[in-house]
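Construct the entire structure; sequences and hints are all you get.
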Amino acid sequence: MDELVTLNRRELLRTTTGLLTGWVVAGSPLTLIALGRAWAVDLTTLNSSEGAALMSVARTIAPHDKLDDAAYALVVQALDGDAAKDAKTHKTIREGLAELGTGFAASPENERVEALKKIEPSAFFQTIRLKTLQVLYSSPIAYAYFGYEGEAFSKGGYLFRGFNDLRWLPEVPVADSGPLPDRA
Amino acid sequence: MPRIEFQDESAVVIIGSGAGGGTLAHELTTRGIKVVVLEAGKRQSTASFSQVPGAAFLQLTWLDARTQSGDWGVAKNFPTLPVWHCKTVGGTTVHWTAATPRFEPWELRARSTYGRIAGTSLIDWPISFDDLKPYYLLAERRLGVTRRNGVPGLPASNNFKVMYAGAKKLGYKRVHTGHMAINSRPYDGRASCIQQGFCVQGCKMGAKWSTLYTEIPRAEATGNLDLRIECTATRIEHGANGRVNAVVYRDAEGRVQRQKARVVCVAGNGIETPRLLLLSESSKFPQGLANSSGQVGRNYCHQIIGFVWGIFDKPVSSWRGATLAGVVEDEVRDDPSRGFAGGYRMELCTLDLPTFPLVGLPYGWGRDFASILENYRNMAGMLINGEDMPRADNRITLNNDVKDAYGLPVANVHVDEHPNDQAMRKHAQTQMSRMYEAVGAKRVVLGPVPPATHNTCSARMSADPREGVANAWGQTHDIKNLFISDGSALPTAGSANPTLTIVALALRQAEYVSRQMKAQSI
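Which chain is which? The protein sequence lines are A and B, in order. Everything in the first sequence is counted per the working numbering, starting at 1 for the first residue and increasing by one. Everything in the second sequence is counted per the working numbering, starting at 1 for the first residue and increasing by one.
Note that these hints are calculated values from the structure, not bench results. Given the structure is predicted, the values throughout are model-derived calculations rather than measurements. Since no wrong hints were added, every one of them can be taken at face value.
Here are the simulated lysine-lysine pairs, DSSO-like style, with alpha carbons at most 27 Å apart: (1) B:Lys76 <-> A:Lys117; (2) B:Lys34 <-> B:Lys518; (3) A:Lys88 <-> B:Lys403; (4) B:Lys260 <-> B:Lys284.
What follows is the structure in structure tokens.
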């Protein structure tokens, strides 16, 4: 959970322009990897309401109902970082959100989808869509949620950890498969 | 100071250190020939390979700008990344998935086998399968290819079990865990595969063959190799006699350097190889080097590639295991009754979770898009790997509107698909969908055409000098001490993943180059 910046009030007062906070949903896979139940992501360029609206855009683009807000907050954090580095990106985001209007995040999903469809070709939408796809599925939160186990070199690979544990189909005859190497 | 002096006129200069360049460097240095290898990328190792997919992509991929045009799906879906290959010592053998099938004998006689097909520039290879076979045998031993020379196959993974069951339901017979350059047992000083997945990120076990830790260090051990990393060739020079005599390059600090050469071998992948020849235009060769035929950059092939995903109601965990270890070979045949010429393989495939939505799925968002991801754990995957048709206007050209870091025009990749390509893709997608449906898939998702990885034929060998760039040895028709030493030299794409054939041709070319040097012909 080291992507999630721990709340530090004094630091926040000095550098942040916005803040996203939340509680990990009880029973979510995130509880297995999170240090505590509260999470916070600070923003250095976007403000809190812009951050909340972007979270809602990201959730509309990639709606996984049971995936914690914390995963989406990382997308917003990445967008905030891009906005900090590049004034043009900042402008694109600010103007895109202004066009969506203040009621976007609170509106029902079908209305949010319609609103995004109207601006689908825009640089704003395409920027958010790409960043959502790049960041949302790359975090430990997402790995846990989707059941993806990631790299296995550090654990000796999947050779003895389930690479061939599928039992709902017949085994492959050895002539078309190959012998398992000896366990070292 | 480099070990080989800049003014030394006796060295062979090889541009690129991948399957072609790395293999050639090893072969020539073993024969006592001094070799300079110019490699544009950095040197990684099994220890330094990143295991974070996004970071690994940035660590290994050739990211310098390219542009593209034409009606192929890549232009729409991946406008800034038409091709996906490596910029690192070892070249694309670092991220490849190590499938090593051979071309079929009839595939080398493409023009004769398929007949005249309008809108194509098909030719027969200037060599036969019998010419190539001894080098396939040599290459297969070198790479430790499974199911050859008594090397056992890799064990079946979960993803392969799904593929196998589906293929058998359709009556396919040639279905197995593939001919793979991945150790199914310790071989050649390298460990065996631990089924970790992560083939594309660089194999941290070194179980997958790569010139990075086989051919290159062995060439270095001869004392005859001067490997220069982060050195980008920008121009090949020639003398008044029309023979090439030097390579100009930018070193790691961006300084212009000039290495004299007795022989130059270009192995920069199917995009950069023709680009370098075109960049080397001169008053004597105004169309670029070795381009009196006008064929440099033309006939570009990339094979028909496309993902098919099957979603089931039970877990597959397709990411566990060697990425591409599985194949159905029954469609590798010439059977015009299917509605197209040429053959295709169906190969096992999977993508890690971060890469999957970016590369594996067609453009989309919203509920339907997300529902596919929700099933990631229950998903099996395959891809088509088929022969695409060469076309004169599918070509690599210089784009004078976009310049690289050194102010040189970047490569533009233009592809208009031939109807044969589309018919083959449709047939393959139908067959793969049927395979998954036959074993209970609740949904099948057809992926987009991904950035091209099998970049070939763009400086092809030909019997007739008017139809290609190089002769049967990869020696350019126009300049006898200039060679094409990578996939660019393939006359047609075939249905086999190209690396084994690139290695076999490099082994064959090395014999020829050393013979010609000994005879003072070059």
